[in-house]
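**Student:** Throw the hints in and build the complete structure from the sequences for me.
Protein chains in written order, with my numbering: chain A, 1 to 714; chain B, 1001 to 1138.
Rather than coming from a laboratory, the hints here were simulated on the basis of the structure. A portion of the hints provided could be inaccurate.
[Claimed, not checked] Some but not every residue of chain B turned toward chain A, in silico, with C-beta under 10 angstroms: (1) Lys1047; (2) Gly1051; (3) Leu1076; (4) Ile1078; (5) Ala1083; (6) Phe1116; (7) Trp1120; (8) Ala1122; (9) Glu1134; (10) Pro1136; (11) Leu1138.
[Stated by the list, open to error] Stretches of chain A that chain B covers, calculated by requiring three or more beta carbons in the stretch to come under 8 angstroms of a beta carbon on chain B: (12) 309–316; (13) 349–356.
Note that CB positions come from ideal geometry on N, CA and C, so glycine has one too.
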Amino acid sequence: MSPIDPTGGENMGESGGEQMLAESIGGQMSYEEVSSLSNGELGIAEPTQRSDFAQEMGTAPEAPVTPKPPGLPFPRPPLPPLPVIKKAVSGRYTGALGSFQVELRIDVDRAGSTKRISGDFYQTLGRTQSYFGSFIVDAPVVNIMPGEVAARGKARFTFSAGAPVVQVTIPRTSIVQPQAPATLQFFTVANGPGASYHCAFESVYFRAVRIETDRASDVSTPIFTAYDTGSLPSGGTPRKLTVVSAYAEAGIAMVPTAGSDSIDIKEAGIDALWSNAELHAAMEQHFTAWKDLPQWCVWQLAAQNHELGSGLYGIMFDQQGKQRQGCAVFHAGIGGTTAEKLRLQAYTYVHELGHCFNLLHSWQKSLGAPPVPNRPDALSWMNYPWHYPKGGDSGFWNAFDFRFDNEELIHLRHGFRNDVIMGGQPFATGSALGRDVMADPIEDESGLLLCLSTHKNSFALGEPVVIEMGLRATDTRGRRAHSWLHPNCGLVHIVISKPSGEVVAFEPLIDHLVGDRQTTLGNADEIRESAYIGFGKGGFYFGQPGHYRIRAAYAALDGSQILSDILTVRVRYPVNQADEELADLMMGEEQGTLLYLMGSDNESLRRGNEAFDLILDKFGDHPLAAYPRMAKGINAGRKFKTIVAEEGKRIRVREPNTGESLQLLSEAAEAGVLDPVSTRMVLYDLSCVQRDAGDEAAAKNTLLQRAAMGIRQV
Amino acid sequence: MLAAACVAASAGCASEDAGTPSLAAAPLAATGHPTKTTGTTMNLRIKLRDGFRDQTVVIRWNGQEVYRKSGVTTDLTISYADAVSVATDTAPGMLEVAVDGGAAASARIDPAQTPFVDVWIADGKMSLQASATEPPML
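**Tutor:** Set out below in C-alpha cells:
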C-alpha cells in the first residue's frame, strides 16, 4: 500500500493486488460477475415510502400475510413460502487497511436515496491521526440482488487517486440478522486491482453530529420542541417534526448532548441585543464541545433579539476562525405557541443549522465556491417562503414537505468531509480543490510540539522570508527526537498557501542526505533552527504582496507527523520607487540562489552578485541591504574552490578576504534586521573571521555578544 | 465581510461620508411598521440584500444622495449587506440604487404604503422589492 494513496493505485501489479485482496475479509465479486447478474428481485418487500432513517428504531416493514385458505374438502394447495424480508444496506460503514481508515457511506437502496457512494479517509502515522481526503461516486451502477447489493463507478477524489474506480459489495441479510459488512474495492481505470477494505456496518445514518442547545435568560417564549406538519396546509405527509427528526429524514443523526445552559443576557451587553461577536464569545464560553478544530459538533442558541432587530429570525454567526460551529435563533421574531409560530420555529431552527452544514440559501447557490445553479423555486428548508417565486409565502407553505432538496441531501450525506464538517471549510467554500495539507491533525499523542515563527509579522516585497522552527517535548517524561529541523534535510516539510489560494510545498534547492542525530528533549529543552524559505526549486515563494499561510511538518522517529500551527505572514506592497527597485534587485533567480547558498563566487551567479553590489552601493542605508551584506560577508570570509579544467591546476582556491568579510558581517549584525537565529549565525562567522585575522579579543567579544542573545539550544 | 450596518433601529445613526444628510433617528416599532414623527415625516427603510461584493453603493431618494458607502458586502448567511433609514414625507418618490460600475435600478416608491424596500442583485441584475411589512432575514 502506498503511504500516499489509500486507493492503493500506485505500483499495483497483479501480485500486489492479490495480496491486497487477500488481506480483506469476506467475499467479493469481480466486475465481470457483477455485470453478468440480472436484477432478480423475487417478492422482496420494498422499504416504506417515508424515509427509513426516521424509523430506525421503529417497526420494520411488515411481511405480507398469506391469506387463509377456505374450509373446503379439497386438498389444500401447498402454501407459498413466506418471503424473507431483507434489510436495505444503505448506511455508514468503517474499515481500515495499513495506515488508512475509511468511513464509507452507501446510499443506494432506501426510500429517498441519492444513489451515491462516498467516503472519507484518515491516516494514522505514529501517534498522530489526520484526515486524508474524500471521494464520491456520483453515478454508480447499482445491482440489487436477492443475496447481495453491488455498486460500481468512477469516483471523484480530493486527492490524486491511482485507482479511481470504486466497487462496493454488501451481502443482504434478513431483518432478524445483523447487517453484513461491506467490501470496498478500488480499481485502476485499466481494471487493475487496488486496495480493498473490509468495512463493518455502523449506522443507517450517513453522518452523526452532536448538537447542544442553550438558551438566553431573557427568552420569554418556549424553546421549540416539535411541530405537527398537519396542523396547517403543507405539501407532504403530516407528521410530528423535531429538529432531530428533520435531520434524521435527511440521513443525519443529530445527537443532543447534555449540558443545556441558560446564558445570562448580560453577555449580550447593556442593550440586551446580541451582536455576532457576543454570540461567538458566548459559544466559546458555553458550548461544552467547542474546540478550535473541525468536528461533528454544533451549538444552537435560542436567544431573544439581535442588534439587527426583530426582523432577524436567526443567524449562523460563526464566520471567524474555524467557522460554522454555532448558530442562533431569535424568539423576538419567531417566538409563540400558535401553529404558524411553531412552523416558523421549526423552519428557522433547521434552516440555521443548515448553514452550519455549509448550505447556502436556495437562490444563491451560484455564490458558493464552486458555484452551482441557483434553485430559487426549491421547496427546501434553505429557501425563504416569502421569496418563493410561485406564490410567495402561501405558495411555499402549501407545497413544502419540510425537507431539503436533493442536491442539499447529496451535500449533507456525501459532501467532501471538510466541505460539510463544522469547523471545516469557511462558509460558502464548498469544494476541496486538493488534499488539505493545512488540516489540523485529529489526534496527536506524539509528545512533541513544533513551533513556527518569524521575527516580524510582515516582510517587504523581495525581503528574504526566514522562518524559525522550535521543537519541544510536551511529554514530561521527555521525548527522543532527531534534530534535523532544516527543510534541506528532508525531515521537515514546509507548506505555503499563497494569497492566490495556491498551496505549494517548499522544495529546497539542494537536498541534504543526513545521518542519525538524535537527542532526548526534556521539559526545558528546545531544538531551534532557522531556514530561508524565500527561494527554492519552485523559484520565489513570496513573490507577490499579500497574506501567506505557512505550516511545517516534522517527521518524528516513531513516524508521527508533528504539525506546527499555521503561521500567517504578510508581504507588503512597495510604497515608493526605491522599494520597487530594491524588490526587483532582490528577486532575481541568481539573487535567490545566492541567498540560499550564503554567497558564491560562481561565474554563473555573476549577475546576482552584481545586483547585490548595486544594492550596497545605491541602497546601502536601506534595511534590506543587511541580507546581501550577510551573503557576501559569509562568502568573503571562507575559502572558495572553483574547478577550472583549462588551467594547469584542476582546482583554484580563492583565499578568504578577511577585511571585506569583517566589514560586511559587522554591518549585517549591527543592522538589527536579521532574525535572531541568522544573527547568531552571522556573529559566529564573524568571530571565526576575527580569530583568523588574529584578533582574539574581538572574536571573544563577538561570541559573548552571541551568547547574550539568550537562545538556548540543544 | 459584513459591512458595519447603519441600522434604522439605532438612534442617532449617521451616514459615513461627510456631506451626506444625516439619517433619521426615529426607531421602528416592534411590529416592523415605522412610527410617524411629527408632521408628515416617516422613515423609508432600505435594505441591501444579496449580491453585493465589496462594492461602492449609492442610494438616491428623489434625486438626493442619502447613502454612499464602499466595501459593501453581503453576509451570505442572512442575505444582508447593509441598511439605511431615510426620513421622508409620505408622498411617493423616486428611489435609485446603483453599484459603482455595476448594476443599478430605480423605482417609484410610495412610503406610506410600502415603507420597506429590499435591494437584491441576482445574475447581475438589481431589483427593488417594496413591501408593507419588513421582510425577515435568516
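**Student:** Are the hints correct? Go through all of them and say.
**Tutor:** Against the structure, the hints:
1. The criterion of a C-beta within 10 angstroms of any C-beta in chain A is met by Lys1047 of chain B, whose closest approach is roughly 9 angstroms, and the hint holds.
2. Interface restraint check for Gly1051 of chain B: the shortest CB-CB distance to chain A comes to about 8 angstroms, inside 10 angstroms, so the restraint holds.
3. Given the 10 angstroms rule on beta carbons, the hint for Leu1076 of chain B holds: about 5 angstroms separates it from the nearest Cβ of chain A.
4. Hint status for Ile1078 of chain B: holds, given a least beta-carbon distance of 5 angstroms to chain A, under 10 angstroms.
5. Using the Cβ-Cβ criterion of 10 angstroms, the hint placing Ala1083 of chain B at the interface with chain A is satisfied: the shortest such distance is roughly 8 angstroms.
6. A hinted interface residue such as Phe1116 of chain B counts as satisfied when its beta carbon comes closer than 10 angstroms to some beta carbon of chain A; here the least separation is about 9 angstroms, so the hint holds.
7. Look at Trp1120 of chain B: its Cβ gets to within about 9 angstroms of chain A, closer than 10 angstroms, so that hint holds up.
8. At a threshold of 10 angstroms, the smallest CB-CB gap from Ala1122 of chain B to chain A is about 7 angstroms, leaving the interface hint in force.
9. With its C-beta approaching chain A no nearer than about 5 angstroms, Glu1134 of chain B sits inside the 10 angstroms limit, and its interface hint holds.
10. At its closest, the beta carbon of Pro1136 of chain B sits 5 angstroms from a beta carbon of chain A; the interface hint therefore holds under the 10 angstroms criterion.
11. The interface hint given for Leu1138 of chain B holds, since its Cβ lies 4 angstroms from the closest Cβ of chain A, which is under the 10 angstroms cut-off.
12. Remark: the region 309–316 of chain A is confirmed as covered by chain B, as 8 of its residues place a Cβ nearer than 8 angstroms to a Cβ of that chain, reaching the required three.
13. Counting residues of the region 349–356 of chain A whose beta carbon lies closer than 8 angstroms to any beta carbon of chain B gives 3, which meets the minimum of three for the stated coverage.
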